[in-house]
Amino acid sequence: MNQTLAAGKSFGTATTGKLAMWLFLVMDALTFITILIGGIALRNAAPSWPQADVILNVPLTAFNTFLLICTSFTMVMALNGVQRNDQKSLVKYLGLTILGGVVFLGIQVYEYYHFIAGNESLGAALSASGFSGDKFLPSTGMYGAVFYTTTSFHGLHVLSGVIYLFVIFLQAKNGIYGSDNFDRVEIAGLFWHFVDLIWILVFTIIYLL
Amino acid sequence: MSTDHHKESFWTKYIFSTDHKIIGIQYGITSLVWLLFGFTLMMIMRYQLAYPESPVPFIGSLLGDGGILPSEMYNSLGAMHGTIMIFLGVVPLAFGAFGNYFVPLQIGAIDMAFPKLNAASYWMYFMGSVVMAIGFFVPGGAANSGWTSYPPLADVATMGQTVWLWGMVLLITSSLLGSVNILVTVIQLRTEGMTWMKLPIFVWTQFITAFLLLLAFPPLEAAGVLQLMDRLAGTSFFMPSGLVVSGEVLTNAGGGSPLLWQHLFWFLAHPEVYVLILPAFGIITEIIANNTRKPIWGYKALVYAMIFLGFMSFIVWAHHMYITGMGTTIGAFFQTTTMIISIPSVVILTALLLSLWGGSIRFNTPMLFALGFIPMFGIGGLTGLPLGLAASDIHLHDTYYVIGHFHYVVAPGTIFALFAGIYYWFPKMTGKKTNETLGKLHFFFSFIFMNGVFMPMFVQGLAGVSRRLWDGGEIYAHAADVLYLNEVMSVSAWLLGLAQIFFIVNMIVSLRGKKTAEVNPWDATTIEWTDTTSPPLGHGNFETVPSVYRGPYEYSVPGADKDFTPQSEKG
Ligand code: HEM
Ligand SMILES: [Cu+2]
Chain A
1 MNQTLAAGKS
11 FGTATTGKLA
21 MWLFLVMDAL
31 TFITILIGGI
41 ALRNAAPSWP
51 QADVILNVPL
61 TAFNTFLLIC
71 TSFTMVMALN
81 GVQRNDQKSL
91 VKYLGLTILG
101 GVVFLGIQVY
111 EYYHFIAGNE
121 SLGAALSASG
131 FSGDKFLPST
141 GMYGAVFYTT
151 TSFHGLHVLS
161 GVIYLFVIFL
171 QAKNGIYGSD
181 NFDRVEIAGL
191 FWHFVDLIWI
201 LVFTIIYLL
Chain B
1 MSTDHHKESF
11 WTKYIFSTDH
21 KIIGIQYGIT
31 SLVWLLFGFT
41 LMMIMRYQLA
51 YPESPVPFIG
61 SLLGDGGILP
71 SEMYNSLGAM
81 HGTIMIFLGV
91 VPLAFGAFGN
101 YFVPLQIGAI
111 DMAFPKLNAA
121 SYWMYFMGSV
131 VMAIGFFVPG
141 GAANSGWTSY
151 PPLADVATMG
161 QTVWLWGMVL
171 LITSSLLGSV
181 NILVTVIQLR
191 TEGMTWMKLP
201 IFVWTQFITA
211 FLLLLAFPPL
221 EAAGVLQLMD
231 RLAGTSFFMP
241 SGLVVSGEVL
251 TNAGGGSPLL
261 WQHLFWFLAH
271 PEVYVLILPA
281 FGIITEIIAN
291 NTRKPIWGYK
301 ALVYAMIFLG
311 FMSFIVWAHH
321 MYITGMGTTI
331 GAFFQTTTMI
341 ISIPSVVILT
351 ALLLSLWGGS
361 IRFNTPMLFA
371 LGFIPMFGIG
381 GLTGLPLGLA
391 ASDIHLHDTY
401 YVIGHFHYVV
411 APGTIFALFA
421 GIYYWFPKMT
431 GKKTNETLGK
441 LHFFFSFIFM
451 NGVFMPMFVQ
461 GLAGVSRRLW
471 DGGEIYAHAA
481 DVLYLNEVMS
491 VSAWLLGLAQ
501 IFFIVNMIVS
511 LRGKKTAEVN
521 PWDATTIEWT
531 DTTSPPLGHG
541 NFETVPSVYR
551 GPYEYSVPGA
561 DKDFTPQSEK
571 G
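Line by line, the protein sequences are chains A and B. Just so we're aligned: the first sequence equals residues 1 to 209 in my numbering. Just so we're aligned: the second sequence equals residues 1 to 571 in my numbering.
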């Protein structure tokens, strides 16, 4: 028996799988929005809030943001490749997307490590913002709480995205996708673009405002 | 195509199946066991309430010194009763079991849209329930801050609270996967001719329920993550500054907002009450139409009322928070929305009542439970109105009146509807008939004792007795006059427990019995009765997937040769 009777059916222009992904993204977006709005509410209620660029390394993260935007571009290229039945370009661009995601995570881990290990200049930045000690931790005021919760929750999404794309990548290397069968590549792409989009919100709210 | 002939092992057929019917039954059995367990916790607590500080018989030695239920454990059992009844019992039974089994059958689909995802959501639910059970064995016992888990208490509570949060994360994820699956199934897999306005009301209720779950759970999931961070990573999202616990000033950073949790929690938990009641409406509607032998009164009104109910349920949540010191403007807003949301409920109840009018009613077991549901839900709903108005809620908040109110909705309300559904669809699921005598005894005794448990709660609550009291109010002068009711309620609860033996015996005897059911024993019109292979159903559900030509409740159509005209009959 056919697993999904619905394989051929579509809702408007969306296939069954895509519809499910859209619904999933609605709920995931609501989760993020709750965390972001909660953070903003707590920030407005706080007596003081540090200037964004005192503790955080804004240029490094700006680079990370740029990197993630590039991976959205490579994801589009991968889809474009498979739609033209160009297997090589599909595999290449999927690979590049995954690589970008891994580097993004690496930079985030480096950033966390730097904060948690602590050092003198960080200590100076912290005391300029009214915190004690030379480590920046989740328990460093509401500021640390909001920073770590928001960025790590997003980081988990990047990690899931990388794993998800890796599965698609392996399947693509086996040549199961082609110009008549690329729905799943497109669906994975939706998730990836969503994670990028959310990052732009996170970056703006946490690092710029 | 409908019958696979290759041999399947026990494990692939019954345990790791992806067939929506098997998954529905897995949900059903697991949730019934949890319902019984959650009820047992309450029967233990009711002993302490009726006879404070005397040793509990039979199981006392498991509880504490001298067999007396300790107050900390009372808190644990209470919190777990609420959590288990809602998240491990009623929702998985109403949405997981009934939704899985009957939505595909009623819309003419051979399975859910994503069978593997479906199995994954069951197993996620199963793991969540195991995690909840583990809570009882960690130091300090299971979660003890109420099912609402209000911080700052929950933030500083014993380890059980962390286990509770992990359990909730699994249960929420399971519900979300399940709701995506139901939504896509209903949108994409309806058979030819099954237009939206020909859907059985049951399918509508499951569809709206899935939307509520999808939109309401994310904020709670986020809130759960924040509370986990507070407990594990040292953040203070919900911890105000300068908190003193047991005489010690806490050293956490502070600056957090306990009220933020309440907002996020009730943003989920109000829609959640409609998750508890909508599937019940669906089941009741099917059974009433079938047993009055006439079309349901106001099909369209029902559908629109339910959709409206779904929308409104997202903007009433702060009626649970009138005493948190919100301003009068916000208070006025939530009082208004709360009064407005009672209108669709009244429309639904009215439509059901009018459907009875002039019908030639068959009083079988499912119908008795359905008829019991209507006044019980009515009492639950009407007693909610004073809670929706700030002036009266200030007196009633956190008293036994509230406990009485929502139990009328969920216990003699939803639980009766779920029993009705089990009796109604049992022949379809098993191919066997249930015993009517046992079923009627089950109904009458349950009906009496349900009221025996919950009616006195209104009296106690109006007298000002608080909920969540270990001694049942013994030390309060204002409770003295109504204290005798504690024994009435407890005895009723234990007898209610005994009455469930009729149900359990009925299930076992009927399953083992020889009385096989016909394909369509109730002479029903919807396609799960008229077009499926003979029960118990195999893979694929239908000999040939039927097309649909008419609405779901064409009973006693003038000029027809029988008093029901199936949806799949041309004409
Ligand atoms: C039919 C048997 C039931 C009985 C005898 C019963 C009894 C009670 C009692 C006496 C309380 C108050 C405990 C206290 O305040 O100390 C309570 C609380 C509660 N019950 Fe039930 N109940 C039953 C079924 C249900 C069902 C079916 C649900 C939900 C679907 C439910 C959900 C709750 C919740 C959420 C609470 C509040 C727990 C808390 O304070 O955190 N109960 N129950
Ligand atoms: Cu509410």
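Just so you know, these hints were derived from the structure itself, not from any lab. One or more of the hints may lead you astray.
Claimed, not checked - Not everything, but these chain A residues come out facing chain B in the computed CB check (under 7 Å):
(1) A14
(2) L25
(3) I35
(4) L36
(5) S48
(6) P138
(7) T150
Said to hold, decoys possible - Computed footprint of chain B on chain A; a stretch qualifies when at least three of its residues, placed anywhere within it, have a C-beta under 8 Å from a C-beta of chain B:
(8) 78–86
(9) 195–203
What the hints assert, rightly or not - Each pair of labels, with its calculated beta carbon distance range:
(10) A/F166 / B/L356: 56 to 66 Å
(11) A/I69 / B/I374: 24 to 34 Å
(12) A/S127 / B/M127: 53 to 63 Å
Positions of the beta carbon are idealized from the N, C-alpha and C atoms, including for glycine.
Hints, one by one, checked against the model:
no., hint, result
1, A14, "violated (10 Å)"
2, L25, "violated (10 Å)"
3, I35, "holds (5 Å)"
4, L36, "violated (9 Å)"
5, S48, "violated (10 Å)"
6, P138, "holds (4 Å)"
7, T150, "violated (10 Å)"
8, 78–86, "violated (count 0)"
9, 195–203, "violated (count 0)"
10, A/F166 / B/L356: 56 to 66 Å, "holds (59 Å)"
11, A/I69 / B/I374: 24 to 34 Å, "violated (58 Å)"
12, A/S127 / B/M127: 53 to 63 Å, "violated (45 Å)"
Hints 1, 2, 4, 5, 7, 8, 9, 11, 12, counting from the list given before, are not met by this structure.
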